[in-house]
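Spelled out, the chains give:
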Amino acid sequence: MKPEMNHKLHFRTAVYQTPFHPRTSALNVLNEWHRWKDYTTADAYFDETLEYAAIRNACAVFDLTPMTKHRITGPDALAFLNRLVTRDVAKIKPGRVGYCVWCDDNGQVIDDGTIFHLRPGDYRLCSQERQLDWLARSARGFDVSIVEDTHDVAALAFQGPTTCAVLKKMGLAGVEKLTPFGIGFFPFAGGELMVSRTGFTGDLGYELWIEPGRALALWDALFAAGADHGIRPMGTHALEVSRIEAGFVQAGVDFLPADAAVRIDRTRSPFELDLGRLVDFTKPVFTGRRALLEEQRRGSRYRLVKLDVEGNKLARSSYIYDRARNVVGTVTSAVWSPAAKTNIALASLKMPWGRPGDELWAEIYYQRELQWAKVMARCRVIEGAFFDPPRRRATPPADF
Amino acid sequence: MTKYDAIVVGAGHNGLANAAYLAKAGLKVVVLEKNPWIGGAAVSREIQDGWIYSNCSYVCSLLRPEIFRDLDLSRHGLQIVPYGGGVTCTSSGDILGNYTDHDVQRREFARHNARDGDAYHRYSTDVMRQCRFIRPLLLRTPPDPTSFRVRDIREMVYLSREFAKLGEQVIYDTIRFYTMSIADFLGEYFESDLVKAHLSGSGIIGTALGVYSPGTAYVLLHHYMGEVDGSSGAWGFARGGMGAVSKALASSFKSFGGEIRTDCDVDQLVVRGGKVRGVALANGDEVHADIVVSNLDPKRTFTKLVNEKDLDPAFVERARNFKIRGSSGKLNIALDGLPTFPALGPDNPLRFGDMHFIDSLERLERAYDDWKNGTWSKDPYLDLLIPSMTDPTMAPPGKHFMSVFVQYVPPKIHGRDWTDADRDAFRDTVVEQIARHSPDFKQLVRHIEVRTPRELENEVGLTEGNIFQGELTMDQLLFNRPFPGYAQYRGPVKGLYMCGSGTHPGGGVMAAPGANAAREILLDLRKPNTVPEGWTDD
Numbered sequence: 001m002k003p004e005m006n007h008k009l010h011f012r013t014a015v016y017q018t019p020f021h022p023r024t025s026a027l028n029v030l031n032e033w034h035r036w037k038d039y040t041t042a043d044a045y046f047d048e049t050l051e052y053a054a055i056r057n058a059c060a061v062f063d064l065t066p067m068t069k070h071r072i073t074g075p076d077a078l079a080f081l082n083r084l085v086t087r088d089v090a091k092i093k094p095g096r097v098g099y100c101v102w103c104d105d106n107g108q109v110i111d112d113g114t115i116f117h118l119r120p121g122d123y124r125l126c127s128q129e130r131q132l133d134w135l136a137r138s139a140r141g142f143d144v145s146i147v148e149d150t151h152d153v154a155a156l157a158f159q160g161p162t163t164c165a166v167l168k169k170m171g172l173a174g175v176e177k178l179t180p181f182g183i184g185f186f187p188f189a190g191g192e193l194m195v196s197r198t199g200f201t202g203d204l205g206y207e208l209w210i211e212p213g214r215a216l217a218l219w220d221a222l223f224a225a226g227a228d229h230g231i232r233p234m235g236t237h238a239l240e241v242s243r244i245e246a247g248f249v250q251a252g253v254d255f256l257p258a259d260a261a262v263r264i265d266r267t268r269s270p271f272e273l274d275l276g277r278l279v280d281f282t283k284p285v286f287t288g289r290r291a292l293l294e295e296q297r298r299g300s301r302y303r304l305v306k307l308d309v310e311g312n313k314l315a316r317s318s319y320i321y322d323r324a325r326n327v328v329g330t331v332t333s334a335v336w337s338p339a340a341k342t343n344i345a346l347a348s349l350k351m352p353w354g355r356p357g358d359e360l361w362a363e364i365y366y367q368r369e370l371q372w373a374k375v376m377a378r379c380r381v382i383e384g385a386f387f388d389p390p391r392r393r394a395t396p397p398a399d400f
Numbered sequence: 001m002t003k004y005d006a007i008v009v010g011a012g013h014n015g016l017a018n019a020a021y022l023a024k025a026g027l028k029v030v031v032l033e034k035n036p037w038i039g040g041a042a043v044s045r046e047i048q049d050g051w052i053y054s055n056c057s058y059v060c061s062l063l064r065p066e067i068f069r070d071l072d073l074s075r076h077g078l079q080i081v082p083y084g085g086g087v088t089c090t091s092s093g094d095i096l097g098n099y100t101d102h103d104v105q106r107r108e109f110a111r112h113n114a115r116d117g118d119a120y121h122r123y124s125t126d127v128m129r130q131c132r133f134i135r136p137l138l139l140r141t142p143p144d145p146t147s148f149r150v151r152d153i154r155e156m157v158y159l160s161r162e163f164a165k166l167g168e169q170v171i172y173d174t175i176r177f178y179t180m181s182i183a184d185f186l187g188e189y190f191e192s193d194l195v196k197a198h199l200s201g202s203g204i205i206g207t208a209l210g211v212y213s214p215g216t217a218y219v220l221l222h223h224y225m226g227e228v229d230g231s232s233g234a235w236g237f238a239r240g241g242m243g244a245v246s247k248a249l250a251s252s253f254k255s256f257g258g259e260i261r262t263d264c265d266v267d268q269l270v271v272r273g274g275k276v277r278g279v280a281l282a283n284g285d286e287v288h289a290d291i292v293v294s295n296l297d298p299k300r301t302f303t304k305l306v307n308e309k310d311l312d313p314a315f316v317e318r319a320r321n322f323k324i325r326g327s328s329g330k331l332n333i334a335l336d337g338l339p340t341f342p343a344l345g346p347d348n349p350l351r352f353g354d355m356h357f358i359d360s361l362e363r364l365e366r367a368y369d370d371w372k373n374g375t376w377s378k379d380p381y382l383d384l385l386i387p388s389m390t391d392p393t394m395a396p397p398g399k400h401f402m403s404v405f406v407q408y409v410p411p412k413i414h415g416r417d418w419t420d421a422d423r424d425a426f427r428d429t430v431v432e433q434i435a436r437h438s439p440d441f442k443q444l445v446r447h448i449e450v451r452t453p454r455e456l457e458n459e460v461g462l463t464e465g466n467i468f469q470g471e472l473t474m475d476q477l478l479f480n481r482p483f484p485g486y487a488q489y490r491g492p493v494k495g496l497y498m499c500g501s502g503t504h505p506g507g508g509v510m511a512a513p514g515a516n517a518a519r520e521i522l523l524d525l526r527k528p529n530t531v532p533e534g535w536t537d538d
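Here the protein sequences come in this chain order: A and P. Counting from 1, position 329 in the first sequence corresponds to residue 329 in the numbering used here; the numbering is continuous, with no gaps. Counting from 1, position 288 in the second sequence corresponds to residue 288 in the numbering used here; the numbering is continuous, with no gaps.
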């Protein structure tokens, strides 16, 4: 924790600035900010459509510092993580990143995040929500050290087709060899810059991790190298569009973290979030295993689906109906996809609805000049991401 | 020899869209293209090593989103990247910026004229009304007002109802709007000559009319009725140049089993017994089909593709009189660096947008006077963009591609053909105007491709180099496009159809004429329709 956050006068600064703030605030000509945990963070900098376009056309930079991060070390680090999450962490080799979810004893998802195997036995766990309490409770009996280091690591998401060209120009020798979910360490400004080929956009992209004292040097080097490659800052609005296009779920939006549920029937299991691929029953023990096995036997209650909604009216928070006009679920995220040129939505449906070919309808309310209108729009269940460019996986990546 | 269900002559974007919808319906379709490349005027070519030029059309807004989605053009590689705003640089070193941020834009207009800053609000509301009226018509076949067929009557009733919905006052406004000059229209909103000059550009682009000529207000609407991802009136770049539009359409067409033959020059339509039988190629071969769809402009179709003896004399007369006047040219420029425009400064976002250098209506009208006098404008209207600032695929890093659209450029110089010397002098006129606003521009120039109406006609096949395949004036719009009685995509010979921008709803890389023509062909064949309906805003 930053020293001033530990001081009793921390209340005087309810919301902190990230180490990149001198640069992000200078670029934020719209002066649009919102709060992300302890920090203020940009909604948009100059024009959210153009910021989004930079993600898909050139490259865009997002200040990721407020994301919750934990350092997990000690002799039992692997054993602990394998107990915590549903997938097999032993398969995440040093220098690799794995996307994972963790559940409560009932097999309900608490959060999703990424495990970075930095160096042998040395892990970083990034999560959407704060997890120290759950991690500490889960660590009983393990010889493991868990430290939340959110404030000790400054981070940028750097996403888009020209990102690799820019990092090469910045002098990161060999960065083009990183495969998706790979981690590389590079000397930078007298310290070390960690680069992972990860992101929340479903496109070619990287995340850059550095100690806060070198944050501004990193920002400046990145923007200098990116000047001829269309570099732009991007805010949360632009990221959100690309996140939905990629089909990624977000805690608190597409599912309710199980430890935050007052109404216990509001939670979802990994299977119910279309994340069954992250559940590895060959592992003898992990939290929620028994409940998830039972769910496998008994059947899930819900299914998360990707929908292609006809027409161009957004199905935000829409009810989804079957052909007999029974409500079978609701939309959790919806956006017009500029990349796929379709009207897309993520929806949580009651089983058994949501099979490919099912006849589904979204009830869409929309406003035009203060007058509300309603339309029933036919929905088609999509398998795979809405937008999935080959450059996302290409190694080495092309220059654009 | 294989017989096709349909032959499309010309692989322009409308020919390809038409072919895609026919193939989607299960027809065996071949597209024949005279050039070694496809795309017509929606084309990207690497003429200078490392630089991609959008050689003709250069920005995208009107491409129908329904078609984009329906033909899955995204999966076939098409991406439209919006650019923000535009600017007019004045001769005194000031600017008028049309910023995308509403309040910044209002302040900028108010800086030049306090009232005009607020008047823009009324102006855009009124223009939006006209956009809303016209948009639903784009993916509909115009009715024939003289026909008593059920379908035409029904369509006339639809049109009348939509018209009536506008309300009495807006109906008056609409009728005036369609016949007004852009200068008069803008005069009802704005006082500043600079503001009027900036906005009037959209009223003359591609049109052989001046800002004071009746009919130019509609041309402005034609440039405003598009969108990028729901942002009305916005324009963008096709990533990889405008050829990306044609490439994606071709890829979609091929995914339905379609065939494209390049280097395949069609000499003439083969008509036997008053029916289309196919086409004869320049090399003497024949390709057979009972349906031939012409992507060529109407004048070229009926004076060159079809033997005039196969047509009625009165019809031939109409085709010959079709108004398709060349009025524009283009410079495609490879630059060794990014030129500076001191009036804009180093951090103005409008550097990414469209730039213009004519700051008064009088200068615009004088530019038109030169065209009437049979020469290119000595002080031309430019629509200048640097797509490589946005699109990293157009030029090597640090290098740039500049696209310069030029108005006015006549199809003939004082009644005679263009010479290479004329072309070079035209180029120098344009370069000098840019250099007046960018001191380092000239030294950065590496290569210039100059397109006068001569090049546009010879290479793309646009008669007189008219970019819309025919003027967008009331006498040639809706059920008058291209000719009264022939606005439903059917030619005067059985089996002959038209699908180019010379048909409703006109040019601007919409792909709507091609799609609409396909719907009519499928109707005649009694095949299920594959063409999507237009979306509504309401």
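Hint data in this document are derived by calculation from the structure and do not stem from the laboratory. Be a bit skeptical, because a hint or two may be false.
What the hints assert, rightly or not - One-sided excerpt, in silico: chain A residues whose CB lies under 8 Å from chain P:
#1 48
#2 120
#3 122
#4 229
#5 230
#6 311
#7 312
#8 316
#9 332
#10 335
#11 338
#12 339
#13 341
#14 400
We put the CB at the ideal spot given by N, CA and C, even for glycine.
To see whether the hints hold, each was checked on the structure:
no.: 1; hint: 48; result: violated, 10 Å
no.: 2; hint: 120; result: violated, 38 Å
no.: 3; hint: 122; result: violated, 37 Å
no.: 4; hint: 229; result: holds, 6 Å
no.: 5; hint: 230; result: holds, 5 Å
no.: 6; hint: 311; result: holds, 6 Å
no.: 7; hint: 312; result: holds, 5 Å
no.: 8; hint: 316; result: violated, 14 Å
no.: 9; hint: 332; result: violated, 21 Å
no.: 10; hint: 335; result: violated, 10 Å
no.: 11; hint: 338; result: holds, 4 Å
no.: 12; hint: 339; result: holds, 6 Å
no.: 13; hint: 341; result: holds, 5 Å
no.: 14; hint: 400; result: holds, 4 Å
In the structure shown, a violation is registered for the earlier hints numbered 1, 2, 3, 8, 9, 10, in ascending order.
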